[in-house]
Amino acid sequence: MAIGVKVLRRPETDVSYVRATLKGMALTFRHMFRPKWTMQYPEEKSTTDWSLSPRWRGTHRMLTDQQGRSKCVACGLCPQICPANCIKLVPGEDEDGNRYPLIYEIDEFRCVFCGYCQEVCPEEAIHVGVHYENAEYGRDRFVYDLERLSSQTHPVSSLWDPSDPKGE
Amino acid sequence: MLLGPSLALSATLFTIGVVGVVIRRNAIVLFMCIELMLNAVNLTFVALSQYHGLSGQIMVFFVMTVAAAEAAVGLAIILAVFRHRQSVDLQNINLLRG
Amino acid sequence: MTPELKGFIVLTVVKMLVVFTITLVGVALLTLLERKVSAWMQNRRGPNRVGYAGLLQPAADGLKNIIKEETLPDEANKILFMLAPLLSFVPALMLAAVIPFAAPLPVAFDFSLPVLGRFVHDGLVPMVVADLPVGFLFVLAISSLGVYGIALAGWSSNSKYSLLGGLRASAQMVSYEVPLGLSIIPVILLSGNVSFGAIITEQQTGLWYVLPLFFAFFLFFVSGFAETNRLPFDMPEAESELIAGYHTEYSAMKFSMFFIAEYANIVTVAAMTAALFFGGWDIPFTRWDQTPGLPQTLASGLFMFGKTMSFVFVVMWVRWTLPRFRYDQLMSLGWKFMLPLGLVYVMLIGSAVWLIENMLGVGSPVTRGFLLFGLNLGLGYLIFFIIDRGHVVRGSTARPEAVH
Amino acid sequence: MTEIVFYILGAAAVISGIACILQRNPVSAALWLVAAMFALAGIYVLLNAQFIGAIQVLVYAGAIMVLFLFVIMLLNLGRETSDIRRWPALMAGAAIAAGLAAPLLALRLYSPARLASEVSGSPVFGDPGAVLSQGAAAQGLAESQGVVGAIAGPLFQTYLVPFEVTSVLLLVAAVGAVVLAKRRL
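Chains as they are written, first to last, in my numbering: chain A, 1 to 168; chain B, 1 to 98; chain C, 1 to 404; chain D, 1 to 185.
Rather than coming from a laboratory, the hints here were simulated on the basis of the structure. Be a bit skeptical, because a hint or two may be false.
As the list claims (entries may be wrong) - Below, a list of computed lysine to any residue pairs in the SDA-like style, where the Cα atoms sit at most 20 angstroms apart:
| hint | chain 1 | residue 1 | chain 2 | residue 2 |
| --- | --- | --- | --- | --- |
| 1 | D | Lys182 | B | Arg83 |
| 2 | C | Lys78 | D | Arg24 |
| 3 | A | Lys36 | C | Asn43 |
| 4 | C | Lys160 | D | Lys182 |
| 5 | D | Lys182 | B | Met37 |
| 6 | C | Lys36 | A | Tyr100 |
| 7 | A | Lys88 | A | Tyr100 |
| 8 | C | Lys36 | A | Leu27 |
| 9 | A | Lys36 | C | Thr321 |
| 10 | A | Lys23 | C | Thr321 |
| 11 | C | Lys160 | C | Met82 |
| 12 | A | Lys36 | C | Arg45 |
| 13 | D | Lys182 | B | Phe82 |
| 14 | A | Lys36 | C | Trp317 |
| 15 | A | Lys36 | C | Trp320 |
These numbers were taken from a predicted model, which means no experiment stands behind them.
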């Protein structure tokens with residue numbers, strides 16, 4: 001889509017500087033009494049005007065099935081597609097021949113939050129989350145292991161708008 | 001009131017100014033030494049104006065005006081010379097030599 | 001030392017303590033006020049976490065600045081680099097000493113201390129630290145020294161941004177001192193005296209000078225912006241072009257010294273505007289404040305504070321409204337508009353005062369004030385409706401001549 | 001009291017003056033000169049010339065020296081080798097200093113009484129107030145009209161023509177400076 005740029009010729013000689021200044025000052029003065037937009041973050045996290053988009057991509061979450069086991073089948077697609085190479089997956093196999101992850105770790109510092117892992121996952125196990133409060137006291141706490149990923153409870157991203165999946 | 005000491009101080013400052021003009025080569029510092037001499041003269045005027053009426057102070061007023069004019073023109077000359085020579089050192093400024 | 005002299009010294013010391021404490025605490029609170037005002041004008045709330053409504057924010061900032069690391073550039077001229085913040089800080093505080101801040105207070109005491117001896121004072125105490133006979137000539141002289149701090153900071157840092165900031169600052173402040181001085185001359189013409197006390201007394205009996213001398217006020221206030229390096233004239237800092245101009249290389253307490261100096265200068269300019277053009281500590285529409293007494297002193301001090309603070313607010317309001325001038329616009333505004341306006345205004349007021357006194361024979365300062373106010377209305381129409389169009393500040397599309 | 005302050009300021013002026021001519025760096029020299037001018041302004045105040053003191057700070061320290069500083073910064077001088085001349089000039093300087101200072105310093109013996117006797121031509125040291133009445137008159141004027149008013153009277157009446165000539169001089173200087181400093185007109 002071409003961007004139309006509207007070029008405005010500024011008037012040069014017939015414009016009054018002082019009155020324009022006074023108008024501007026009146027405008028800023030009126031703004032002093034407008035309602036404030038500031039969200040007082042730790043106390044109020046979202047308002048009706050402001051909430052996270054359902055397509056927001058935050059820290060990951062691993063979904064679990066009814067028995068509380070993770071849905072992951074250790075297929076290896078997510079470490080394969082990950083552009084930041086932040087997923088560490090060691091697959092294991094139980095006596096029935098079902099694959100499951102022995103180790104599943106995501107280094108959230110390396111992650112670029114592209115959401116490819118969620119998109120590529122055949123079991124819809126790994127998801128990026130709608131979540132932004134990630135503060136920790138140490139760097140090592142940012143390597144999320146399987147247990148941590150499974151115990152996250154925040155909503156997961158829809159990645160795209162379901163009513164418009166091709167983004168048109 | 002303090003006539004003698006003022007005149008002596010004025011003499012000292014004037015001498016310092018003259019010595020500065022003799023021993024420095026930097027044109028800007030030379031101008032500053034001239035300002036110092038003018039200041040010394042001003043001090044004489046002020047000291048004597050206590051006994052001879054306010055004319056002395058008015059003379060100081062004129063001296064300051066002349067000093068301001070002199071500084072403006074002198075510095076403009078220095079700027080012009082600097083553009084030619086890339087230096088304000090009097091050794092390198094011999095444009096006027098025949 | 002006589003007991004009277006000792007009494008005078010005691011009073012002066014008390015006044016100094018009061019003035020400088022108020023100034024420094026006020027400056028600290030002004031940094032908070034500036035952030036609050038900017039926030040309000042941008043529909044935000046501003047700092048409100050430290051203390052009640054953010055009142056302790058300046059203390060937190062100060063503490064942070066004290067414990068931060070002092071950086072010292074390798075190639076800097078060390079002595080001048082250290083000296084420069086002081087040189088900008090001291091004149092700003094010195095100015096606070098000569099502005100009267102309240103009605104004179106009658107004080108009488110007579111007491112003795114063990115070692116120091118007897119202290120006596122009886123009579124009116126002018127509420128100003130130093131009641132100088134040369135009045136605001138002192139203010140002009142000291143305010144012209146503020147440029148040293150900035151210019152030296154720029155030069156001694158040995159950084160190109162600092163040097164450019166310092167150069168701009170010295171050119172700008174020297175240029176705007178001329179309209180500043182010219183704007184004060186009409187005030188001297190009307191009051192016939194240069195001391196602040198006389199000027200305020202004159203305004204109490206007549207009109208506030210803002211009416212008869214509106215354009216002097218205008219010139220003074222605009223030049224005051226330029227002298228304090230505030231937006232729209234903050235060319236020396238110009239963070240979008242020069243990083244931070246003259247204080248690029250400064251950190252920690254030395255940096256905040258520049259800030260304190262800037263805010264102290266704002267307070268001084270605001271207080272001087274109030275004193276010269278808005279009657280100082282005069283309480284309008286009453287003669288009650290002209291009889292000395294403690295309540296009068298307190299009330300008039302409160303009024304002076306209110307007037308000063310409203311001008312401080314205007315300074316901040318302008319800062320968060322107007323964009324920065326381009327450098328050639330700044331210089332042409334100073335030399336091609338404000339300087340001629342100041343000269344013409346001095347001549348106009350001088351001839352008008354002479355005409356009013358000698359031809360019309362009007363002696364009352366109120367009538368004279370209203371006559372001059374009429375003159376200002378005419379001049380205002382000429383300036384704001386005719387000359388203003390494209391001549392005061394060159395439009396943004398008009399390019400400056402190519403710099404050779 | 002006044003004397004003590006005078007001698008402190010005088011010493012400050014002399015030290016600053018010497019430092020000014022010996023500093024290698026032009027910026028330091030300019031700053032020392034500013035210090036000297038400040039000391040002189042203080043001395044003017046002590047000598048009952050408050051107006052001149054204020055003007056001294058305003059014009060010299062506030063305008064002229066800023067101009068100097070501005071030019072030094074503009075040319076970016078100050079980080080170069082010493083420009084103090086070699087020994088022949090130093091010797092000449094010392095000789096001039098000695099030759100000039102000796103007669104001039106004799107002025108320190110001046111007192112109001114001696115000045116009065118020289119002005120009146122009588123060999124007896126009389127009462128200076130009787131001969132030099134103008135000084136006392138000026139003091140009275142300063143008290144009745146204010147420090148500035150006392151100077152304004154003679155400046156705009158007796159010295160009106162020199163005053164106007166000075167304004168023309170300033171105009172000429174301004175035009176000359178612009179012509180010299182501008183590369184192309």
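Comparing the hints with the structure gives:
1. The straight-line distance between the Cα atoms of D/Lys182 and B/Arg83 is roughly 11 angstroms, inside the 20 angstroms bound, and the hint therefore holds.
2. The hinted pair formed by C/Lys78 and D/Arg24 meets the criterion: a straight-line CA distance of about 15 angstroms does not exceed 20 angstroms.
3. For the hint linking A/Lys36 to C/Asn43, the alpha-carbon distance of about 5 angstroms falls within 20 angstroms, and the restraint holds.
4. Distance restraint check for C/Lys160 and D/Lys182: the Cα-Cα separation of roughly 24 angstroms exceeds the 20 angstroms cut-off, and the hinted pair is therefore not satisfied.
5. Between D/Lys182 and B/Met37 the alpha-carbon distance is near 29 angstroms, which puts this suggested pair outside the 20 angstroms criterion.
6. Distance check on the hinted pair: C/Lys36 and A/Tyr100 sit about 57 angstroms apart at the alpha-carbon level, beyond 20 angstroms; violated.
7. Pair hint A/Lys88 plus A/Tyr100 holds up; C-alpha atoms about 13 angstroms apart against a cutoff of 20 angstroms.
8. Between C/Lys36 and A/Leu27 the alpha-carbon distance is near 17 angstroms, which keeps this suggested pair within the 20 angstroms criterion.
9. Restraint check: the Cα-Cα separation between A/Lys36 and C/Thr321 comes to about 18 angstroms, which is no more than 20 angstroms; the hinted pair holds.
10. At most 20 angstroms may separate the alpha-carbon atoms for a hinted pair to count; A/Lys23 and C/Thr321 meet this at roughly 10 angstroms.
11. Under the criterion of a C-alpha separation no larger than 20 angstroms, the hint pairing C/Lys160 with C/Met82 is consistent with the structure, at around 18 angstroms.
12. Taken as a hint, the A/Lys36 and C/Arg45 pair is honoured in the structure, with Cα atoms around 6 angstroms apart against an allowance of 20 angstroms.
13. Distance restraint check for D/Lys182 and B/Phe82: the Cα-Cα separation of roughly 13 angstroms lies within the 20 angstroms cut-off, and the hinted pair is therefore satisfied.
14. Proposed proximity of A/Lys36 and C/Trp317 is supported: the alpha carbons are some 17 angstroms apart, at most 20 angstroms.
15. This hinted pair checks out: A/Lys36 and C/Trp320 have alpha carbons roughly 17 angstroms apart, not beyond 20 angstroms.
Hint compliance for this structure: hints 4, 5, 6 are broken, all remaining hints hold.
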